[in-house]
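Asks: Letter by letter, the chains look like this.
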Amino acid sequence: KAGVTQTPRYLIKTRGQQVTLSCSPISGHRSVSWYQQTPGQGLQFLFEYFSETQRNKGNFPGRFSGRQFSNSRSEMNVSTLELGDSALYLCASSWGDRPYEQYFGPGTRLTVT
Amino acid sequence: AQSVSQHNHHVILSEAASLELGCNYSYGGTVNLFWYVQYPGQHLQLLLKYFSGDPLVKGIKGFEAEFIKSKFSFNLRKPSVQWSDTAEYFCAVNYNTDKLIFGTGTRLQVFP
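Heads up: the sequence lines are chains Z and A, in that order. Residues in the first sequence are numbered consecutively from -14, following our numbering. Residues in the second sequence are numbered consecutively from 8, following our numbering.
Just so you know, nobody snuck in bad clues.
Below are the SDA-like pairs computed for lysine to any residue, each with C-alpha atoms no more than 25 Å apart in a straight line:
{"no.": "1", "chain 1": "A", "residue 1": "K56", "chain 2": "Z", "residue 2": "W80"}
{"no.": "2", "chain 1": "Z", "residue 1": "K42", "chain 2": "A", "residue 2": "K56"}
{"no.": "3", "chain 1": "A", "residue 1": "K56", "chain 2": "Z", "residue 2": "G13"}
{"no.": "4", "chain 1": "A", "residue 1": "K85", "chain 2": "A", "residue 2": "H17"}
{"no.": "5", "chain 1": "A", "residue 1": "K56", "chain 2": "Z", "residue 2": "Q26"}
{"no.": "6", "chain 1": "A", "residue 1": "K78", "chain 2": "A", "residue 2": "G36"}
{"no.": "7", "chain 1": "A", "residue 1": "K65", "chain 2": "Z", "residue 2": "E86"}
{"no.": "8", "chain 1": "Z", "residue 1": "K42", "chain 2": "A", "residue 2": "G36"}
{"no.": "9", "chain 1": "A", "residue 1": "K56", "chain 2": "Z", "residue 2": "Q29"}
{"no.": "10", "chain 1": "A", "residue 1": "K56", "chain 2": "A", "residue 2": "S80"}
{"no.": "11", "chain 1": "Z", "residue 1": "K42", "chain 2": "A", "residue 2": "H50"}
{"no.": "12", "chain 1": "Z", "residue 1": "K(-2)", "chain 2": "A", "residue 2": "H50"}
{"no.": "13", "chain 1": "Z", "residue 1": "K42", "chain 2": "Z", "residue 2": "G1"}
{"no.": "14", "chain 1": "A", "residue 1": "K56", "chain 2": "Z", "residue 2": "T(-10)"}
{"no.": "15", "chain 1": "A", "residue 1": "K68", "chain 2": "Z", "residue 2": "G(-12)"}
{"no.": "16", "chain 1": "A", "residue 1": "K56", "chain 2": "Z", "residue 2": "G(-12)"}
Examples of chain A residues lying across from chain Z (beta carbon under 10 Å, computed):
{"no.": "17", "residue": "N39"}
{"no.": "18", "residue": "F41"}
{"no.": "19", "residue": "Q49"}
{"no.": "20", "residue": "Q52"}
{"no.": "21", "residue": "F58"}
{"no.": "22", "residue": "F97"}
{"no.": "23", "residue": "A99"}
{"no.": "24", "residue": "V100"}
{"no.": "25", "residue": "N103"}
{"no.": "26", "residue": "I108"}
{"no.": "27", "residue": "G110"}
Source of the hints: derived by calculation from the structure; they are not laboratory data. A virtual CB, placed ideally from N, CA and C, is assigned to each residue, including glycine.
Required output: the full structure, derived from the provided sequences and hints.
Replies: Structure follows, in structure tokens:
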């Protein structure tokens, strides 16, 4: 069974721009969660989607948003990029009835200059 | 507030040494506990998990963890580490909700 895939793997953007990251979950998984990983803060939860609805949200500003499509694929958008948004963005998928048992993708490395 | 603490930030061991990485969580309710591993250049992989039952959980690659409810701990152990165990290890807790809370990670370096 194929794992979680994320595209693109690497991205360089300029301050003020916006970016969209994509995540395809493991087949059959209906829950998708997003995390931001940085050396100083570790893994921080952004949000979780299930059946196209945001089910949980972390403590990030409104510049961070996401959505989920009917095929469970998910996208994450960051608007008005700041230097501090440079991080590894991880997507994780899980079965809907055990959303906390998560399987991670390789991540998208975002660098904001 | 719900939180997870990993007290060892960086651990250096020689091959064949025994390993124990600490993980403590706040809050005393129902929890589901996990250890993840991130090898250099690779993505996070689930090492082992505890939902209920036997508090001693065995995972992949010879790792095990023990859930001690009275100490709010879920320490990771391995009797004899190998060079290939060099990685970053993350403890994570689910407080009966839909999200995971991660510790800050422990970087393990194993020298031959």
